[in-house]
Every structure is written in C-alpha cells, then in structure tokens.
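**Student:** Just so you know, the protein sequences line up as chains X and C, in that order. Letter 153 of the first sequence, counting from 1, is numbered 153 in the numbering used here, and no numbers are missing. Letter 79 of the second sequence, counting from 1, is numbered 79 in the numbering used here, and no numbers are missing.
It is worth saying that the hints were derived from the structure and are not from the lab. A portion of the hints provided could be inaccurate.
What the hints assert, rightly or not - Distance condition first, Cα-Cα at most 27 Å in a straight line; then the derived DSSO-like pairs of lysine-lysine:
hint, chain 1, residue 1, chain 2, residue 2
1, X, Lys35, X, Lys141
2, X, Lys9, C, Lys159
3, C, Lys29, C, Lys209
4, X, Lys35, C, Lys177
Spelled out from the first residue to the last, the chains are:
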Amino acid sequence: MKLASYRKKSPWILHYNAGGCNGCDIEILACLSPKYDIERFGMINTGNPKQSDILLVTGPVTKRNRERLVEIYAQMPEPKVVVACGACASTGGVFRGMYNCEGGIDQYIPVDVYVCGCGTRPEQIIDGVVQALAILETKTKELEESVRLNKEAIKENKQLNRRNIADEIKPVYT
Amino acid sequence: MNNLWVPIILIILAPLLGGLVYGFERIIKARMQRRIGPPLLQPFYDFLKLADKRKMIVHSAHAFLGIMHFVSLWFALAVLLLGGDLILVIFLHLLSTALLILAAYSTRSIFSHLGANRTAISILAYEPVLIIIAVSIFMLTGSFDAAAAFQSEQPLLYKMPLAFIALLLVLPIKLKKSPFDVAEAHQELTGGVELEFSGIFYEAVYTAKWIDYVFCYALVYLFAGNNILLGTGLIVCTFFYLNALDNSTARVSYKQMLRFSLTVSFSLAFINLLLNSLT
C-alpha cells in the first residue's frame, strides 16, 4: 500500500512518565527544542493517546502507575510502537528490586525499542524513535497483510508477563 | 460566467488550500523559533496517516457529529464564497461549531467537557463582533449579501477601518491562536473538543480546521471589494500578523479573553457602525 510509506513521515508521540525522576522527561522535551528540532521529522508531541503512534515511556513502573500505563497503551489505536526511554524504563535501573517498583515497563506492555542511559541523551532518543519508525512500518505491513489475507496479526508472543497486572499492592511493613 | 467559476474552484480546493496554509504556518512558526520545521506538505502526510489508523469511536453519534461539523463548515464557506447572505454564513458557522460542542458534550471525558465549555465561551466572544460587522456592511452596501461586498467599487476597508481592526482582534479567537487559544489549549486540555476523536473521524475535525483558515481569510477578503491586489495584500498581512501574534504571546484566561473581546473589539465594531450610520 502507498499509504504505509506516509506513516513514517508523521509519527505523533505520546509521552508518559511512569514514576521516574523526571530526568529523561526533560531530555525528551529537549528534543522538541530548536537545537534538536524533532518536528522536522513531522513528529508532534500530542498529549492524546487516541491520536498518537509512538508511546515514549520513562521511569520504572511504580505499583500505582501500572494500571494507567496499560490503560494508556490500550487506548492507542493500532499500529503503535513503544519506546522505553532510559535505564529505569528498560530494566528498572537503580530502583530495581525496591518495594514500590517493578523492573521496567516490559513486564506490562510489549516494548519495541529500548533506549539506554541515565538519563538518556536527546541524540539517543531521536535515534531510538527513528528505529521505532522502521518497526512501525513493518507493523503496518503485517497489519495490512492480516486484514487482507485474514490471518493472525501477531505471530508469536515474545513478551514475558512476569507479574499479574491485577495484583493488589501488598503492605511491606509487617 | 467567469465570475462564477472562481468561487466554485475555490470551494472545491478549500481543504487543499487550507492544508497548504497550515503547512506554511508551521514552517513560519519553526523559523521564528530558529528551527528547520516540518516540510510544507506535512499536514497532508498527517492526513494520509490518520486515514490508515484503526478507528476507535466512543459512540456512533459522536463520530457522526464530528463529520457533520466538517460538512456544515464547508457548506458555510460555500455560501460565503458564492456571495450568500452574511447573517446566514455567520449562523452556519455557528451551527458547525455547535455540532462540535455537542459531540464533545456527548462523551464522558472531562477534558472534552472543559473544551466544549471554553469553545462555547469563545463563540460568545467573537460572534457579536461578526454580527456587528455584517450590519455595518449592510449599512454601506444596502444588502446583507456577501456578493454586494465582493463587487463594491470602493473597498469597504476605507469606509470601515475600525471594523477591520475589530475583525483582526477576533480572528485569533476563531482560529484558536495564542493568546486566545483557551478552547484548544494543548498543554492543559490536550485539544479540548477534538480529544475523543481518532482515526478517520479525527481527520474530519483536523480538515475542518484547514477549512476554517480559508473561511477566515475569505472574511478578510470581504473588506477589499473588487480590488484583487488589495485583497491579496490584506490576506498576506493578516497571515503574518496572526503568526507573529501566535508566537509572541502567552495564553490568557477565558475571562480575560471575554472581557477584552466584549469591551475592546465589540466597542470598536460598534463605534464603526455608529459612524457608518451617521454619514
């Protein structure tokens, strides 16, 4: 399809902070600044999951945050990609193993691109988003094939859901 | 015959023209901030992308009202360009905005409701001024028809400069430009009334914004009479004025917007009407 080639030219970004320290968020906003100017790729920072293509998540998932994260992911229409920004979002970072956090966002939603660093550099974020665009294109093709040939869109589930999302927050001080 | 073809072509090409205006506006905005900015055809890339997204609707009436907003706005533009009644044009534009407000109220999202409230308030701010301007045009040309204004030998601008200034002051409210962009307010309401639309239904609302540009510039052109050169000059000046204002001011609250519009813009238009009726 010809429409699929235009998708790469206008990815709209949704940015969500899943309980991070705000360092990576500042770097993401720096991408919009005149120095890095992410808008030249046609990217807009929308605050609206219903109209966005790329989900940028920062921070380890705190237990208060996980339901919102999954809900925001579910509200985005397909095709969509998820970019985990920073060490916390990728693995849990320095918060890994603490009583109020989980180890990274890939425990809850499928992640396509991991961007390392604490905090990430704006150059790395732009590189990660550009890589995400390639994934977005292949995802679009898969989706179109699945519609046209009437077959399953997701062939294999590589993601590990290590925890049950609906788990209650248990008290730690006993 | 020649006179009829120009508006018809303009009406058919209105979304295309509005998209180009919007794309150019984004480039100008980027250059004012010393950025490179998106390509000129960026709105059309967005358009094609949105056509391809999965459609998630809240309920069918909501999506239908969004599409009707687009259709009625295009119809209002057609009536204006074909030289219809100005009062009718203003009320058709009001109808299209009212449909969008209804759509926003029909969802359960709090942001959508807030956006609908603020859009209703912004109608209260710009609508009286537009009606006063239409009445002033009636005083001068003896007819409410836009065709009479388009064909007048002497440009209306020379006879009603205060009304033109009043129009320039309400255009940012209509186009949701800073400092009067409380209705859209991307940082606090994330779009307001258009929040719950997605996929191809958001496209209707997105394209309606482009048609709104053509509508507003047609209103500006109304002041030039049959002088095409003056009309083009007015449109270019208005474009740069709107962008300079948008990029150099911060958002005011809705109360300040309403107070400013109903005291300054409305009185300017009203003084103009009084002067026109005296002479």
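**Student:** None of the hints should be skipped; say for each whether it holds.
**Tutor:** To see whether the hints hold, each was checked on the structure:
| no. | hint | verdict |
| --- | --- | --- |
| 1 | X/Lys35 to X/Lys141 | 33 Å, violated |
| 2 | X/Lys9 to C/Lys159 | 48 Å, violated |
| 3 | C/Lys29 to C/Lys209 | 17 Å, holds |
| 4 | X/Lys35 to C/Lys177 | 25 Å, holds |
Consistency note: the structure conflicts with the earlier hints numbered 1, 2.
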